[in-house]
Each structure stands twice: as C-alpha cells, then as structure tokens.
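K.L.:
As a plain string of letters, each chain reads:
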Amino acid sequence: MNNGAVWRRREMVALLGAAAVPAWAQFRVEVTGVGLTQLPIAIAPFRGDAQSPQKIAAIVQADLERSGQFRAIDAAGAALDEGSRPDVTPWRQKGADSLAVGSVSHLADGRWDVRFRLWDVVRGQDLGGQSYAVAAGDLRLAAHRIADFIYEKLTGEKGVFSTRIAYVTKAGSRYNLWVADSDGENAQSALASGEPIISPAWSANGTQLAYVSFESRKPVVYVHDVATGRRRLVANFRGSNSAPAWSPDGRTLAVTLSRDGGSQLYTISPNGGEPHRLTQSPGIDTEPVYSPDGRSIYFVSDRGGAPQIYRMPATGGNPERVTFTGSYNISPAISPDGRWLAYISRINGAFKLQVMELGSNTVNSITDTTADESPSFAPNGRLIVYATRQNGGEALMTTTLDGKIKARLAGKGGDIREPDWGPFQK
Amino acid sequence: MFKGVFVAFALAAALVGCSSVPLNDVPVEDKSASSVGQPGGPGGAQSNVAPVVTDSAAGTVAGPANVSRLIYFDYDSYVIKPEFQSLIDAHARFMKANPDRRVSIEGHTDERGGREYNLALGQRRAEAVRRALVLLGVADNRLEAVSFGKEKPADPGNDEAAYAKNRRAELVYHR
Chain A
35 MNNGAVWRRR EMVALLGAAA VPAWAQFRVE VTGVGLTQLP IAIAPFRGDA
85 QSPQKIAAIV QADLERSGQF RAIDAAGAAL DEGSRPDVTP WRQKGADSLA
135 VGSVSHLADG RWDVRFRLWD VVRGQDLGGQ SYAVAAGDLR LAAHRIADFI
185 YEKLTGEKGV FSTRIAYVTK AGSRYNLWVA DSDGENAQSA LASGEPIISP
235 AWSANGTQLA YVSFESRKPV VYVHDVATGR RRLVANFRGS NSAPAWSPDG
285 RTLAVTLSRD GGSQLYTISP NGGEPHRLTQ SPGIDTEPVY SPDGRSIYFV
335 SDRGGAPQIY RMPATGGNPE RVTFTGSYNI SPAISPDGRW LAYISRINGA
385 FKLQVMELGS NTVNSITDTT ADESPSFAPN GRLIVYATRQ NGGEALMTTT
435 LDGKIKARLA GKGGDIREPD WGPFQK
Chain B
8 MFKGVFVAFA LAAALVGCSS VPLNDVPVED KSASSVGQPG GPGGAQSNVA
58 PVVTDSAAGT VAGPANVSRL IYFDYDSYVI KPEFQSLIDA HARFMKANPD
108 RRVSIEGHTD ERGGREYNLA LGQRRAEAVR RALVLLGVAD NRLEAVSFGK
158 EKPADPGNDE AAYAKNRRAE LVYHR
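Protein chains in written order, with the numbering used here: chain A, 35 to 460; chain B, 8 to 182.
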C-alpha cells in the first residue's frame with residue numbers, strides 16, 4: 035500500500051462526510067450518513083449486466099453500502115469478469131482495498147448463470163468466487179448471496195443480504211402482507227385483504243409468518259406458510275387476539291388475548307389449542323418478544339401507570355422493569371446476541387427509536403424522525419429495520435445500531451409499515 | 008423441496024469458507040443446487056411466495072332506530088362520559104327487547120403511538136362499554152368487546168379534531 039492511496043482514502047472519507055448524498059438513487063435505495071471505518075470496495079460492472087433483467091453489480095453495491103461497513107469506489111467503465119486477472123495498481127490508486135468482478139449470462143435452458151470473484155487489491159490476492167445458475171426470479175437472490183460472500187470475507191461476520199423482510203402496505207382500502215428481499219425489493223404478496231393486517235413475525239426457520247388479521251372484523255392470529263400459502267387460525271378467542279411472538283425453538287407462540295378481560299399474555303401452540311396464561315395484571319400486558327436464548331420474555335405493561343418494558347421468565351413469574359426513562363416505552367426488539375434492546379419511546383410527543391445496551395442500560399436515540407414504529411433486528415444484529423414517516427408518507431428504514439448509516443427501503447406503493455426481519459436462510 | 012435447496016446452498020457455502028488461493032488453482036465454485044429451477048411457482052424461483060386473498064367477514068344487522076352507535080372518549084381515557092349514558096341505556100333496552108341480537112363493541116384509538124399498544128387501549132374502551140351494558144342487565148354472552156386499535160380511523164386527518172372522532176367505541180349488531 036503506498037502513501038498516496040492512504041491520503042486519497044482520507045480525502046474521500048472527508049468528502050463523503052461533508053455531503054450525505056443518496057447513492058444509487060436510480061435504484062430507490064437511498065443511503066445517508068457515513069461511518070467512521072468503512073471498507074473501500076470497487077464493484078466492476080458485471081459482464082452481461084446490460085442484458086440481464088437484474089443489474090447484479092448495482093444490487094451488490096447497494097447491499098454493501100446499506101450495511102454501513104462499505105464505501106463504494108467508482109468502477110464505471112471497467113471491463114472485467116471473474117476470469118480476469120486484474121491489474122491491481124489502478125484500483126489501489128483509486129483507494130480501493132477490494133475489487134469484485136463477475137458476469138451474468140443467459141443459459142440455454144432459460145436460467146441465468148451468475149459468476150463472480152473477489153480480489154484483495156492491496157495484496158494482489160484472489161479471495162475466491164462463486165457461481166450460481168438460477169431462474170430469472172432468483173437473480174436478485176444470487177446478487178444478495180454475492181454480497182453476503184463479500185461481507186463475510188471482508189468483515190468476518192455473516193451477511194444478511196439474502197434474508198427476507200415481511201411488511202404490510204395499505205393502498206386505498208386494500209391491505210397486503212409482503213415478503214421482500216432485505217432491501218425491500220422483489221416484494222411478493224403473501225396475503226391480500228380488505229381489512230387491516232398487523233404484527234407479522236417470522237418463525238425461527240424463516241418458513242412461516244404469524245400475524246394479526248382483521249378479516250373477520252376482529253383481530254385474530256394466523257400462522258401462514260409463505261411458500262405454499264397454507265395458513266391456520268391459531269388464536270380466535272372471544273375478544274381480541276394479537277401480538278404473536280415465536281419462541282426461538284418454534285414450538286410456542288406468545289400472544290396477547292383479552293378473552294379473560296383486559297389484554298394479557300398467554301402462550302399457545304403454533305397449531306392452536308388451549309392457551310396458557312402467563313401474566314395476571316389489572317392493566318395492559320402486550321407486545322411479548324422472546325430473548326434469543328428462549329428463557330425470558332420482554333413485554334410492555336402499564337402496571338406501573340404508564341407503558342414500560344418489562345422482562346420475566348418465559349414460563350411466567352415475577353417481571354422486572356427494564357426501561358426507566360420517560361413515560362411511554364413500547365415495541366421491544368432484542369438483538370440476536372441478546373446485548374441490545376431496541377424500542378420506541380415517546381419523547382416530547384414524538385415517537386423515537388431507542389437502542390439500549392442491556393449490560394450498561396445506556397440508551398441512545400438514533401433517529402431524527404418523529405413517528406418511528408416496529409423495530410426489528412437483522413439476524414446478524416448489525417442493522418435495525420423500522421417504520422416511520424418521512425416527507426408526509428410512511429417509510430421503511432434500516433439503520434446501523436449507532437444511527438450513523440440509514441437507508442430508505444424500496445417498497446410497493448401506498449403506506450408501508452410493520453416490518454419484520456426474517457432469519458438467516460438455512 | 009425448498010428445504011433441500013437451502014441445505015444444498017448451505018453445504019456449498021460451508022465449502023467456500025477457506026483461505027485465498029491463486030486464481031489458477033481455484034475455479035469459480037459452482038454454487039447451483041441441482042434442484043434450483045424445480046416447479047414451485049412462476050419461473051421456478053426458490054424464493055417464490057404463494058399469494059392468498061381473503062374476503063371480509065359477512066354483514067351486520069340494524070340496531071335501535073335513531074340511536075347513535077358511537078361513544079367518544081377523551082385522550083388516553085376509557086371512562087364513559089356522562090353524555091353517553093342515555094345512548095348506552097337505549098342500546099341496553101334494544102338488546103333486551105331483541106333477544107336474537109348480538110353486539111360487537113369495537114374499540115378504536117387515534118393514530119398516535121404503537122399499533123399493538125393502541126390495540127390494547129381500544130380494547131379497554133370496548134370493555135368499558137361492555138361492562139356498562141352488563142350493568143344494565145344485558146347478558147354478557149351476547150356481547151363481545153374487540154379492538155381495532157388505530158387501524159380504522161373514522162377521520163383520516165391528523166389534527167385534534169380528527170383524533171377526537173377516532174377515539175371511539177362502535178356498537179355493531181349481528182344476529
């Protein structure tokens with residue numbers, strides 16, 4: 035690595051810091067902000083991208099930028115593919131540490147062949163590559179898997195780009211539950227309804243969604259297998275049935291039921307059956323979520339006079355209060371490593387996404403919006419997806435845990451809300 | 008079948024996790040699972056989702072003539088205000104005179120705050136009305152208190168005038 039390259043890199047960081055520019059505006063993923071340490075990577079246009087229904091290099095680059103861990107180095111005009119042995123000198127001079135090259139081509143059987151290779155241009159080393167033969171409908175999945183490969187190779191952690199996000203839209207009087215790529219694109223409708231749908235929750239294996247549907251003019255809980263469309267009514271008791279949360283082993287759902295008067299927490303089998311009551315309070319207990327080890331349930335209760343987040347053993351028992359600041363703290367989400375609690379706090383009339391480090395109880399407010407809702411962690415714990423209002427409309431955003439890098443996700447038209455980030459695909 | 012695809016991907020991914028080696032020694036690895044492209048949806052994509060469309064529930068029947076079915080609440084409150092007592096009395100009389108009728112009491116909130124917490128707040132409003140009807144002699148098993156939270160505002164605006172119209176309980180009659 036020569037000194038010139040180092041100097042240029044600093045200069046670029048400074049420039050990016052000065053102007054939070056939306057990258058890839060044509061791709062509808064807008065990234066704002068800049069992190070302190072971002073790996074500079076050049077993604078050369080994939081040979082054949084022009085003929086492909088999906089622009090592989092653009093998808094990979096937007097994925098990596100949205101993570102907050104990468105900074106894209108301009109690679110326009112480069113004519114390289116996975117078979118090239120690139121001259122690393124010009125890439126070093128541009129400030130890149132790594133270079134991804136590849137191709138996409140149409141196979142005789144109608145599928146698409148996607149290939150790529152990752153280079154360490156500082157050491158001049160080949161870091162490996164992959165190829166995928168996929169149906170056109172899985173081209174974006176192949177691009178996300180490439181981004182996952184690069185992310186893991188260069189950061190040492192698993193990428194989440196090939197995971198899926200569920201969310202709900204309202205357009206006119208129609209509601210849709212969508213399953214989309216982690217960038218919000220490629221959304222496919224799992225459920226269309228004339229009545230509201232809220233609180234989708236992915237099962238731990240990523241095949242099923244639990245959610246609340248109002249199609250029978252009251253809130254009832256369904257479990258829905260997304261690949262087949264088969265769904266079953268899990269909780270349809272007298273009163274309201276809502277807030278489903280999966281236990282990590284997939285064997286239990288925690289739900290909020292009002293069948294015995296008041297909104298209280300129960301557990302129930304994902305196949306239905308008789309619920310088991312978990313809480314006994316005169317107030318509201320709702321929004322349960324399991325800790326990643328399955329031993330605790332975090333939930334919202336107004337037993338102290340105002341909604342706060344509590345934690346109790348997953349089998350019920352004495353709750354301990356977790357949030358102490360403010361008078362309205364709701365919608366808990368726990369990071370996969372159990373270290374972080376994301377939740378929504380009402381602060382001076384605004385609803386703000388907060389991140390608490392559970393060890394130290396340090397809380398950070400990480401957005402500048404005022405109607406944040408429904409946080410959900412990425413399965414690697416590095417990003418949070420949440421709903422908010424921006425420019426007068428509903429939006430889904432991802433953010434790093436420090437709030438420094440945010441991206442607005444693409445989505446179907448209309449109001450967009452209730453995101454839930456699915457697990458790693460097995 | 009889909010599981011098989013994912014397992015194949017996972018296995019292939021596990022094989023890739025080795026250190027870097029020169030290009031000539033490592034061809035680009037074939038990560039395609041043999042079953043990719045099997046049927047399972049349009050284009051055979053493994054990420055396919057099967058769509059489901061639902062219909063809304065069946066209709067409702069009339070309640071007492073010339074009596075409002077709406078009870079409004081103050082912000083953050085589920086106390087039935089005195090001006091709604093005569094309305095609740097009229098519905099109780101109607102229920103006792105029409106023993107075949109059942110009523111759903113649907114609680115609603117304004118748009119501020121979380122969806123699930125508002126669902127619980129709306130439930131409180133609905134249950135307050137249910138209890139008031141039971142006190143007036145209507146059998147509890149003919150009543151169901153449910154909540155729509157903030158999902159079905161009566162007024163889509165976002166000022167206090169709209170919020171006041173949205174903090175409500177609605178009585179909906181069924182047979």
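These are calculated hints, taken from the structure and not from any lab test.
All C-beta atoms, glycine included, are put in the ideal place defined by N, C-alpha and C.
Misleading hints may appear alongside valid ones.
What the hints assert, rightly or not - To give an idea of the chain B side of the interface with chain A (calculated C-beta under 8 Å), a few residues:
(1) SER54
(2) PRO58
(3) SER84
(4) VAL86
(5) ASN105
(6) PRO106
(7) TYR124
(8) ALA127
(9) GLU134
(10) GLU151
(11) ALA152
(12) SER154
(13) GLU158
(14) ARG175
K.L.:
Against each hint, give a clear statement of whether it holds in the structure.
P.N.:
Verification of the supplied hints:
The interface hint given for SER54 (chain B) is met, as the beta carbon of that residue sits about 5 Å from the closest beta carbon of chain A, less than 8 Å. The beta carbon of PRO58 (chain B) comes within 5 Å of a beta carbon in chain A, closer than 8 Å, and the hint placing it at the interface holds. Violation of the interface hint for SER84 (chain B) is found here, the shortest Cβ-Cβ separation to chain A being roughly 13 Å, above the 8 Å cut-off. This hint is violated: VAL86 (chain B) has a C-beta 15 Å from the nearest C-beta of chain A, more than the 8 Å allowed.
Restraint check, ASN105 (chain B) versus chain A: the minimum CB separation of about 20 Å is more than 8 Å; hint violated. Using the Cβ-Cβ criterion of 8 Å, the hint placing PRO106 (chain B) at the interface with chain A is not satisfied: the shortest such distance is roughly 19 Å. For TYR124 (chain B), the shortest C-beta to C-beta distance to chain A is roughly 5 Å, which falls under 8 Å, so the interface hint holds. Given hint, ALA127 (chain B) at the interface with chain A, holds; its Cβ is 4 Å from that chain's nearest Cβ, closer than 8 Å.
Because the closest C-beta pair between GLU134 (chain B) and chain A is about 7 Å apart, less than 8 Å, the hint holds. For GLU151 (chain B), the shortest C-beta to C-beta distance to chain A is roughly 6 Å, which falls under 8 Å, so the interface hint holds. Given the 8 Å rule on beta carbons, the hint for ALA152 (chain B) holds: about 6 Å separates it from the nearest Cβ of chain A. About 5 Å separates the beta-carbon of SER154 (chain B) from the nearest beta-carbon of chain A, less than 8 Å, and the hint is met.
The interface hint given for GLU158 (chain B) is met, as the beta carbon of that residue sits about 4 Å from the closest beta carbon of chain A, less than 8 Å. Evaluation of the ARG175 (chain B) hint against chain A yields a violated restraint, the C-beta minimum of about 16 Å exceeding 8 Å.
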